[in-house]
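Q: For this one, chain L is given, so just place chain P on it according to the hints.
Single-letter residue listing:
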Amino acid sequence: MRVLKGRQVLNQQTFDLLLNWLDHDRERAGEKYEEIRRRLIKFFECRRVVEADELADETINRVTKKLPEIIGGYSGNPVPYFYGVASNIHLESLKRKSNVTLPPTLLAPVRDERVEAEAECLDDCLGQLTSPNRELMLEYYQGAKQEKIAHRKSLAQRLDIAPNALRIRAYRLRSQIQECLFACLSRKLG
Amino acid sequence: MEQNITGEDSTRHYLLGDLPAEERRPLEERLLADGDFLKYLSAVEDDLVDEYVRGELSEGERERFESFFLITAERRRKVKFAQALRRYNEPALTSATSPAMASTPKRAWWRALLSGLRIRRPVMWLPAAAACLLLAALSAYWVMVRHRPPRGGPELSQGLPAPNRQPDATPQETPPAGGQLAEVNDAVPVPSARDGRKPADTAREGRVPPDVPRPATVVVLSPVLISGSVRGEGGAMQPIVVPPNAGRVRLRLALPARDYETYDAVLISGERSTRIPGARVVGKVEGRDLIAVELPADKLPYGEYQLRLSGRNQRGESHYVDTYSFRVKTKYAATRPPGRRRRPFMPLR
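Quick note, the sequences are listed as chains L and P, same order. Per the numbering used here, the very first residue in the first sequence carries number 1; after that it's consecutive. Per the numbering used here, the very first residue in the second sequence carries number 1; after that it's consecutive.
Source of the hints: derived by calculation from the structure; they are not laboratory data. Heads up, the beta-carbon is just placed ideally off N, CA and C, and yes, glycines get one too. Among the clues, some could well be false.
Facing chain L, according to a computed beta carbon distance under 7 angstroms, are these residues of chain P, among others [to be verified]:
1. Leu32
2. Lys39
3. Ala43
4. Asp46
5. Ile71
6. Arg87
7. Pro277
8. Gly303
9. Gln306
Think about it this way: if two alpha-carbon atoms lie no more than 30 angstroms apart in a straight line, the pair counts; the simulated DSSO-like pairs of lysine-lysine are [stated by the list, open to error]:
10. P/Lys39 <-> L/Lys32
11. P/Lys39 <-> L/Lys145
12. L/Lys145 <-> L/Lys188
Looking from chain P toward chain L, a few residues come up when the C-beta cut is under 10 angstroms (computed) [stated by the list, open to error]:
13. Leu27
14. Glu29
15. Leu41
Chain L on its own, in the form it takes in the complex:
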């Protein structure tokens, strides 16, 4: 039994059916499932849904429920089908919810204790990167506006990679450091 955050629950049989639809290789199907879920979450986030993960799970649930009816006649990439269902679910969610409560401002002053802990954690987290990656991580995010654009362009030329490849590489490193920082801060500050 697979419990998702949406209202319904998938049993093993329907979940297997879904995986088999995504790919006949079970391992690859599992990867595709996770990837589709990530993209659905981003899709809902971009449509200003607070509980994006819940609607992503609801989408998967609904697709799975419909699967026995459509699987025989459907050909091609399953992803567009998810898109159609996700759009419908978003419309329904707009009817259910009216206002979104925004969080308090994030630009509040920060305690020195936290600043020190952040610096120590970032020292450690950056220390876990290889030297070239550490330099890339620090260099990529320096500068502002035009200076930043020019700097990134020259950095991409220096590394002999396309600007977008550089961007994605920096994004991956940043995500890695972000997770490391928050894990470290929760250890230090509780």
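A: Quick look at chain P alone, frame taken from chain L:
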């Protein structure tokens, strides 16, 4: 990846929720179909978050960002990370966000100085600041070599036990040029991958004759330390990163004013104090006189320190000048062999 299909402008508008519906659909379909596009979109999100934190978004964008973009916990987390990263890369900002650090003209000066000179994130240095510090470092080295008493003489041994070194040891300062200066708080004890220089190369350049066997003493230059009266009590303690194989550490102190020719320092750690006499002005940085105090690295294990500085007038009378607070940290190697863990910190207390 096919960035041309969806330009960055459209992606930004999409993320801020002001892309027309007819343009939104192909972008959303691509989001679900193209894994690279998800990463690209997330990278654009990171840039938006950075611009928000830096106050670079237009008023309209900022409103959209706060009312549309900033609704999920994950995105708020990204903002918190961007703020932390910015404080880390630009330490002078710490005071700007801390209520304990109200703005004063004095602080405005040290903020400006720190923002250009603080060495915790060396790659952030402006080339001009680096060149300026290089000059100061070279001057300091030259003056100290010229004016230092013989090794093992009274200068350090008055207050400090003699460091572990051979009697004829001559400090071999890490080459102050290029990437090595930038790699580890001014000085790097290991060859830098950035410039490919090795210790042997340094020797070939003539500073240490290759045919004279001398123990290599790595001298670590501290960031320019700012005194407590200038930084204010609420300021974060200034870090000095000391690599495990450092031989000596040269503390560089920015003077609030130059009222004396000679200065004495007392290094205080817990209940221990160490006197370091005879420091002199060795250069100027950003209009401030700079003095240097050098001591063996093993006298500066991981921990927090205060350095009380006093000046000596011509009659030999000593007057308190200021106190400098700093924290010593160890430093990871620039390139760590795979699988090897960093040596754990060993706090004094």
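Q: Confirm or reject each hint.
A: Do the hints match the structure? See the list:
no., hint, in the structure
1, Leu32, "5 angstroms, holds"
2, Lys39, "5 angstroms, holds"
3, Ala43, "4 angstroms, holds"
4, Asp46, "6 angstroms, holds"
5, Ile71, "5 angstroms, holds"
6, Arg87, "6 angstroms, holds"
7, Pro277, "32 angstroms, violated"
8, Gly303, "14 angstroms, violated"
9, Gln306, "17 angstroms, violated"
10, P/Lys39 <-> L/Lys32, "15 angstroms, holds"
11, P/Lys39 <-> L/Lys145, "22 angstroms, holds"
12, L/Lys145 <-> L/Lys188, "34 angstroms, violated"
13, Leu27, "9 angstroms, holds"
14, Glu29, "6 angstroms, holds"
15, Leu41, "7 angstroms, holds"
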